[in-house]
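One letter stands for each residue in the lines below.
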Amino acid sequence: NAGVTQTPKFQVLKTGQSMTLQCAQDMNHNSMYWYRQDPGMGLRLIYYSASEGTTDKGEVPNGYNVSRLNKREFSLRLESAAPSQTSVYFCASSERDPLETQYFGPGTRLLVL
Amino acid sequence: QKEVEQNSGPLSVPEGAIASLNCTYSDRVSQSFFWYRQYSGKSPELIMSIYSNGDKEDGRFTAQLNKASQYVSLLIRDSQPSDSATYLCAVRETGGYNKLIFGAGTRLAVHP
Chain A
9 NAGVTQTPKF QVLKTGQSMT LQCAQDMNHN SMYWYRQDPG MGLRLIYYSA SEGTTDKGEV
69 PNGYNVSRLN KREFSLRLES AAPSQTSVYF CASSERDPLE TQYFGPGTRL LVL
Chain B
5 QKEVEQNSGP LSVPEGAIAS LNCTYSDRVS QSFFWYRQYS GKSPELIMSI YSNGDKEDGR
65 FTAQLNKASQ YVSLLIRDSQ PSDSATYLCA VRETGGYNKL IFGAGTRLAV HP
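Going down the list, the sequences are from chains A and B. Sequential numbering of the first sequence, starting at 9, is according to our numbering. Sequential numbering of the second sequence, starting at 5, is according to our numbering.
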């Protein structure tokens, strides 16, 4: 039981390049989330998926797209990376009940030059 | 814009002391509050949740909630060096489906 896994762990991009961050969970959770964490700013929600087949914007969605591929997988795509997207990205999941805990993956450190 | 405010710290306490971490929030109708711990370079993990006014205790941790004052705190008794981490306060956004608003976190340093 791996919990929430993310790939890659670290990535360097040049401005304008694209990439997809992968996230998978094996806890049979319905809801999944993508956050970014910047120094002094805490975690900010980019997109979330309340259930398979649905996605919604969070606080900072500009420059990102997501795909809920199936119940297990939720990917985050940067179509044209910008230096402002340099951050640590966390994927999380939770059961359907809104009071349930969110479980976080290990994170992806992204550097955009 | 709904906000969650925390003192960034660092809060430095000696081993064995009580560490008190505070959090204020702007959404008056928020009902669910969470404390996550994040070690340096690691992902956040939930340590406490609280939904009702008053205190909730779990081992060395006590969460305190005062909805009238829009204030939630975390007390760590008998602090250990292994408690040194950043503590994130999170508030469930009203009307949002399990959407959490996080504070920037307070860094706690427990010295021997």
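No lab work stands behind these hints, which were simulated from the structure alone. Don't take every hint at face value.
If you anchor each label on the Cβ, the simulated ranges turn out as follows [stated by the list, open to error]:
(1) R32/B / T109/A: 37 to 43 angstroms
(2) R32/B / E60/A: 31 to 37 angstroms
(3) R64/B / E103/A: 37 to 43 angstroms
(4) Y43/B / D34/A: 48 to 54 angstroms
(5) D59/B / Q25/A: 32 to 38 angstroms
(6) M27/A / E9/B: 41 to 47 angstroms
(7) P85/B / A90/A: 46 to 52 angstroms
(8) N73/A / P116/B: 36 to 42 angstroms
(9) G13/B / D64/A: 30 to 36 angstroms
(10) G63/B / D64/A: 33 to 39 angstroms
Keep in mind that this is a model prediction, so the values were computed, not measured. Ideal placement from N, C-alpha and C gives every residue a C-beta, glycine not left out.
Here is how each hint holds up against the structure:
Evaluation of the 37 to 43 angstroms hint for R32/B and T109/A yields a failure: the beta carbon distance comes to about 24 angstroms. For the hinted restraint 31 to 37 angstroms between R32/B and E60/A, the CB-CB distance of approximately 34 angstroms keeps it satisfied. Checked against the hint of 37 to 43 angstroms, the C-beta distance between R64/B and E103/A comes to roughly 27 angstroms, which is inconsistent with it. At about 23 angstroms, the beta-carbon gap between Y43/B and D34/A misses the expected band of 48 to 54 angstroms.
A hinted range of 32 to 38 angstroms for the beta carbons of D59/B and Q25/A is inconsistent with their spacing of about 50 angstroms. Between M27/A and E9/B the Cβ separation comes to about 34 angstroms, which falls outside the hinted range of 41 to 47 angstroms. Roughly 40 angstroms separates the CB atoms of P85/B and A90/A, a value that falls outside the hinted 46 to 52 angstroms. The hinted window of 36 to 42 angstroms between N73/A and P116/B is violated, with their beta carbons roughly 48 angstroms apart.
Between G13/B and D64/A the Cβ separation comes to about 33 angstroms, which falls inside the hinted range of 30 to 36 angstroms. Against the hinted window of 33 to 39 angstroms, the Cβ-Cβ separation of G63/B and D64/A comes to about 36 angstroms, which satisfies the hint.
Consistency with the previously given hints fails for numbers 1, 3, 4, 5, 6, 7 and 8, ordered from lowest to highest.
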